[in-house]
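Protein chains: 2
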Amino acid sequence: MATTKTGQPLDRGTLDTLLRRRLFYTPSFEIYGGVSGLYDYGPPGCALQANIIDTWRKHFVLEEDMMEVDCTMLTPHEVLKTSGHVDKFADWMCKDPQSGEIFRADHLVEEVLEARLKGDKEARGIKVEEEEEGDKKKKKKKVKEIKAIKLDDEVVQEYEHVLAKIDNYDGKELGELIVKYNIVSPATGSPLEPPVSFNLMFKTAIGPSSNIPGYLRPETAQGQFLTFSKLYEFNNAKMPFASASIGKSFRNEISPKSGLLRVREFLMAEIEHFVDPNQKAHSRFHEVDGVTLRFLDRHIQQAGKTTLVIKTVGQAVAEGMVDNETLGYFLARIYLFLTELGVDPKKLRFRQHMPNEMAHYATDCWDAELLTSYGWIECVGCADRSAYDLTVHSKKTGQPLIVRETLETPIVWEEWDVDVDKKWMGPRFRKDAAKVQAAIDAIPQAEREILAAQQANGQPVKITVEDLGEIELEKVEIVKRKKQEFIREYIPNVIEPSFGIGRIFYSLIEHIFYTRPEDAARGVLAFPPKLAPTKVLIVPLSGNKEFDPIVDKIGRTMRKQGIANRVDNSSATIGKRYARNDELGTPFGVTVDFQTVKDGTVTLRERDSMKQVRSSVEEIVEVVKNIIEGKESWQQVLERLGEFQGQELEN
Amino acid sequence: MATTKTGQPLDRGTLDTLLRRRLFYTPSFEIYGGVSGLYDYGPPGCALQANIIDTWRKHFVLEEDMMEVDCTMLTPHEVLKTSGHVDKFADWMCKDPQSGEIFRADHLVEEVLEARLKGDKEARGIKVEEEEEGDKKKKKKKVKEIKAIKLDDEVVQEYEHVLAKIDNYDGKELGELIVKYNIVSPATGSPLEPPVSFNLMFKTAIGPSSNIPGYLRPETAQGQFLTFSKLYEFNNAKMPFASASIGKSFRNEISPKSGLLRVREFLMAEIEHFVDPNQKAHSRFHEVDGVTLRFLDRHIQQAGKTTLVIKTVGQAVAEGMVDNETLGYFLARIYLFLTELGVDPKKLRFRQHMPNEMAHYATDCWDAELLTSYGWIECVGCADRSAYDLTVHSKKTGQPLIVRETLETPIVWEEWDVDVDKKWMGPRFRKDAAKVQAAIDAIPQAEREILAAQQANGQPVKITVEDLGEIELEKVEIVKRKKQEFIREYIPNVIEPSFGIGRIFYSLIEHIFYTRPEDAARGVLAFPPKLAPTKVLIVPLSGNKEFDPIVDKIGRTMRKQGIANRVDNSSATIGKRYARNDELGTPFGVTVDFQTVKDGTVTLRERDSMKQVRSSVEEIVEVVKNIIEGKESWQQVLERLGEFQGQELEN
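As given, the protein sequences belong to chains A and B, one line each in that order.
Using the working numbering, you'd call the opening residue of the first sequence number 29 and step up by one each time.
Using the working numbering, you'd call the opening residue of the second sequence number 29 and step up by one each time.
Any given hint could be a false lead.
One copy or any two copies: either way a pair holds, since identical chains are not told apart in the list.
Here are the simulated DSS-like pairs of lysine-lysine, each with C-alpha atoms no more than 27 Å apart in a straight line [said to hold, decoys possible]: (1) Lys604 / Lys258; (2) Lys451 / Lys375; (3) Lys423 / Lys231; (4) Lys276 / Lys231; (5) Lys375 / Lys193; (6) Lys659 / Lys490; (7) Lys266 / Lys604; (8) Lys258 / Lys424; (9) Lys573 / Lys339; (10) Lys266 / Lys588; (11) Lys146 / Lys333; (12) Lys285 / Lys258; (13) Lys374 / Lys149; (14) Lys333 / Lys450.
No lab work stands behind these hints: they were computed from the structure.
Extracted from the complex, chain A is given alone in its bound form (with noise of 0.2 Å):
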């Protein structure tokens, strides 16, 4: 069950009205009636998007001199064809053939199989738990009534065993479990048309007259992909390099529901480390070995069990469970930054993914998941995809993605020669001269080894051509030379942590909810300082005019220092404005009163212990810096200036 940060149980209908209310998020066009998965941030939401952003930049592009790249969104089609875009990412639709409503297949089986379940339940007389029904499903529930049949016992059985695998049947197998099951349409009970495959890209046309098929991309990687050998050059051809990319992406999806966790148009954030396939170590691996993790690997889901294994990333690479350092790296360098955002760690695992849940080319993938009311919800993606991408790439254009790499110890080797006196050979041999060469070429080491041996016994060496028979080559020298190789050529492989922002800053939001223990209807977002929208509410204590070049002065200085600040004048008592700003997760208040008229100091109030100090305007800008920056904690000021017990404000 979802929980708040303080363990109350969490309730997402009040949550999502606060959102709304403070426009943290909106749907789109909703004056034209809006369009399913599409959704406007507001300006807290904005902000608060941006500080993610702002963070993750920090963390991975400047900390390890990442190269970001700013691709086009739109793509034409050959590229998608070549990245199996265009026939693979697809879902499996059915149509109601009476109403013409659409469904996704593996949804539909799924819920309709789970109510059955459920009615079986309910008519045995076992009662159905909370935890099971949750509102995991509540908001994209097709089936809306549920009837107590009993089912037989090896039905219950057949049907736990389709939901269990339920992510790997194809269009064809869906199509027979709806004939077999008698699933119809949940709307009009009339029967399904079969599924058909329904490709996910939004497709457009570039150019007048329709002249170059294009999609909007479905992720960031594709243009980082095309760009590898112009970034490898500018990264003076060393390796291994990363590039990184935040824009937006697309997925059309059937029927998005789910709120902001399945959306039609979403902010990614995507890294593409190309690393050496032979070498997937990581210079900066000691820095993160100690990180302990929560880990759901293959193994304990395949015994059908989701019992999290906690260790360090140094255990889990050096024990195997996660394939190389380079990967192990990423989960630790993923974790410290979403602990940093403000997630919650008892409530952040990674998961594994089984291997038919893998693409055929990955090595290893694991998600990074955080539990929310709509169960564990995949926010970071962070796969091996080998040398795939760039071997499609490079096979499709002919351009060679590869790294040459200039060896420090050459490669020795000792191999036999067969030296042809070519004078020899063109005379003799004419127009056949080239079939013999490309025979002579073809001899296997071990069998010139033996030809050697017979040469130097005095033997004449003897070879088999094609349409020539036997011939005897009289003019060759066989001899052992050592040789060396300089250069290796390799197409390097990628390791992709992928981000969702949007589900990053859902989930977070609901690990940071809580509402106040003496007023239930009272929500707080405590957001970190650093990632509040604003980081300050400044309040006059009335509407008298003494206060407005106060109120000014203090929202400019904080704007010098980049502390974003919001002024509320409004004629709302203090606490009312308070309660406002807890919804908007705005860590301090300042209030202007008419001490400060007098001797120019303030109140600064913190928002989770609601305790307040008093001091001049330039001092209190200080402390918010200080904290914002993390080098002072709010405890730290409150034992410095001391509790400020002064106005009655809660009111």
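We have chain A already, so just place chain B on it with the hints.
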């Protein structure tokens, strides 16, 4: 003629090669042959773009407490039909039926007539001046061959007349010009098909089975308009206020040319300032009224001239050249923003739109234009869009997009009421009662006054009602009453500063580019430190292993202070490494040498003066930070620390 920062002739080819070599930008999908009008930004371009955006956000959003929103790019048909884009966001194109090639009609007419005029000059023996010919259209030239053919004097005049108003022709007129002047396909010589309208929006379908036709947005503005009521409420129903949005927009150009200046996918930053139509004064206008701008107003243009008028914004508004204070305020703020980026103020002008150039609903519109090798380029538009957008969306959806203002002093007036005795009315007129009441309500004030006077004189009150003829109103009383109104409702006007980030990006680079006087092949991008993609290049003097930990530590110290830096430990000479760095526009270089190993000091080299100072790592980091934050200038640092001349670096 375009010049470099130091006033030398600017060779665009050289600059362009530099920008591609250093990966500021690169054609998208180049290994697939590329798609015209689509470009990717590489690491320095991406960082520069991020720094421009960051400056913009601080300068506008944070400084003026604007409400930033992030709306979707996918937009349903209905919204863009209402806004007028479906019908009017189009260019005219002509097809060569022989080759299938497509031309933008106005551009083709322009080029052909210009080529003929040039040929005429040649035939008359007039030297075609360099400046006039320029390289303005070098890249997009379709007409390759200019034939020296003399034209009649009146034909020359006619051509010049057509060219002067080339932006004003519609498709039919362009078709007539093509026929009249016998303009054929420059490629094949074939006659062209008549111009047809080509809508410049990218079309797609949202949802399965194409159920919602939609487009990629052509501007970010529409999403902001649709959110107006929510933002107004979020702002505690106070006016005026501004929303802002940064994001990609799309324009399916017929045949994009001119590099980054005319692309199909581009980043915009747009502000929608909502204001009372009766009150366009701006509370902060006094802060900027002394800013001097270079204006090109519509009267001067209509007189066929391009003379700039230089005056303060305060004067321009006072004289009515700029329509109102809010518009003037933004022109000054745009100027301050662009010059903060490093734009050359002498290459920046504000050009007013001619009446026939503006959208029919706009009140006034000014473009901030930057002078580049492509001529004067519109980089920021600043239009007063009046109440147009809010009005059409409100009308279409039936949702009020209005401001309800509580009046401080209510509007007071007197009027005559006709009070009817209902108990008499019903029985007297029965089913006709409503009709009689309507007739009473319709009596104009002037007539009521006459009727009141008659009644006072004891005369009967009579009116004529349709179908009933004249009737007497026996039981009515006509009285004068005082009325008050406390609420005023209005649809706000919108003032829209709209920034093309890619155009600013490119034009800025032309303004700050120069070559070293001692070596014309050595290009320098003189970004202001705050804007530079990377702030510091760290160069170890040689490959000596002793330098590695020191280099690492300097990099780490700078990163902690948020200073973006790169290490160049390649084997190139220090001089070559600095030259590479000049091209990346990095303002500082830190050199680690054997002295560093002994006493921990490093040298700091400034890009433009190429002078150095030497001090401890701590002090050097502090110096860099101070300069980036504008707290100290390089000149001050030189004076304080003294110039260091020990090393010979420029080899």
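To see whether the hints hold, each was checked on the structure:
no.	hint	result
1	Lys604 / Lys258	between (56 Å within a copy, 20 Å between copies)
2	Lys451 / Lys375	neither (79 Å within a copy, 73 Å between copies)
3	Lys423 / Lys231	within (25 Å within a copy, 31 Å between copies)
4	Lys276 / Lys231	both (16 Å within a copy, 18 Å between copies)
5	Lys375 / Lys193	within (25 Å within a copy, 66 Å between copies)
6	Lys659 / Lys490	neither (84 Å within a copy, 86 Å between copies)
7	Lys266 / Lys604	between (58 Å within a copy, 18 Å between copies)
8	Lys258 / Lys424	within (18 Å within a copy, 50 Å between copies)
9	Lys573 / Lys339	neither (60 Å within a copy, 36 Å between copies)
10	Lys266 / Lys588	between (41 Å within a copy, 24 Å between copies)
11	Lys146 / Lys333	within (21 Å within a copy, 81 Å between copies)
12	Lys285 / Lys258	between (40 Å within a copy, 23 Å between copies)
13	Lys374 / Lys149	neither (32 Å within a copy, 80 Å between copies)
14	Lys333 / Lys450	neither (72 Å within a copy, 80 Å between copies)
Checked against the numbered hints given earlier, the structure breaks hints 2, 6, 9, 13 and 14 and satisfies all the rest.
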